[in-house]
Amino acid sequence: MSAISDRNVVIVGAGPSGLAAAAELVRFGTPCTILDDQKRPGGQYFRQLSPEIQSTEENPRLLDVCGHRLVEFRCETTVWDFPAPRTLAWVSGTGNGRLNTRTLILATGAYDRPTPFEGWTLPGVVSAGG
Numbered sequence: 000m001s002a003i004s005d006r007n008v009v010i011v012g013a014g015p016s017g018l019a020a021a022a023e024l025v026r027f028g029t030p031c032t033i034l035d036d037q038k039r040p041g042g043q044y045f046r047q048l049s050p051e052i053q054s055t056e057e058n059p060r061l062l063d064v065c066g067h068r069l070v071e072f073r074c075e076t077t078v079w080d081f082p083a084p085r086t087l088a089w090v091s092g093t094g095n096g097r098l099n100t101r102t103l104i105l106a107t108g109a110y111d112r113p114t115p116f117e118g119w120t121l122p123g124v125v126s127a128g129g
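Each residue of the sequence shown is one higher than the last, beginning at 0 in numbering that gives the first Met the number 0.
Hints may be right or wrong, so weigh each one.
Unchecked claim - Pairwise CB distance ranges (calculated):
1) L105 - L69: 13 to 23 angstroms
2) W119 - S91: 36 to 46 angstroms
3) L62 - L105: 18 to 28 angstroms
By construction, these hints were calculated from the structure, which means they are not laboratory data. All residues carry an ideal CB built from backbone N, CA and C; glycine is no exception.
Turn these sequences into a full structure, and let the hints steer you where they fit.
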């Protein structure tokens with residue numbers, strides 16, 4: 000049997016947008032739960048930062064939000080179903096369960112899907128992902 004618990008705000012994804020959402024919630028004193036399938040927060044953006052980006056003041060603030068007392072961070076947790084409105088099902092290496100939430104923030108990231116068009120291979124033509 001899986002555990003069912005209630006949360007006011009659940010954020011799915013601990014990349015830059017999920018962490019920024021959590022930081023704003025903390026700023027206003029609102030507790031939240033972050034679920035992410037990776038071992039560490041940060042998403043693709045923080046995986047291989049250049050030294051110039053690592054040194055910016057904003058990056059540590061975003062990563063540190065997961066340790067705040069108002070934030071419950073569940074790493075290596077996959078959301079695999081939405082069985083009912085405002086309810087999500089999760090699974091991790093330590094168990095599984097359901098979370099009922101009043102507010103759900105999906106911050107699951109994005110990736111580049113280039114679409115070929117005339118001239119798309121010319122020098123200087125790049126996609127959003129580089």
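Item to complete: Hint by hint, work out which the structure violates, then give me just those numbers in ascending order.
Response: When the structure is compared with the hints, none of them turns out to be violated.
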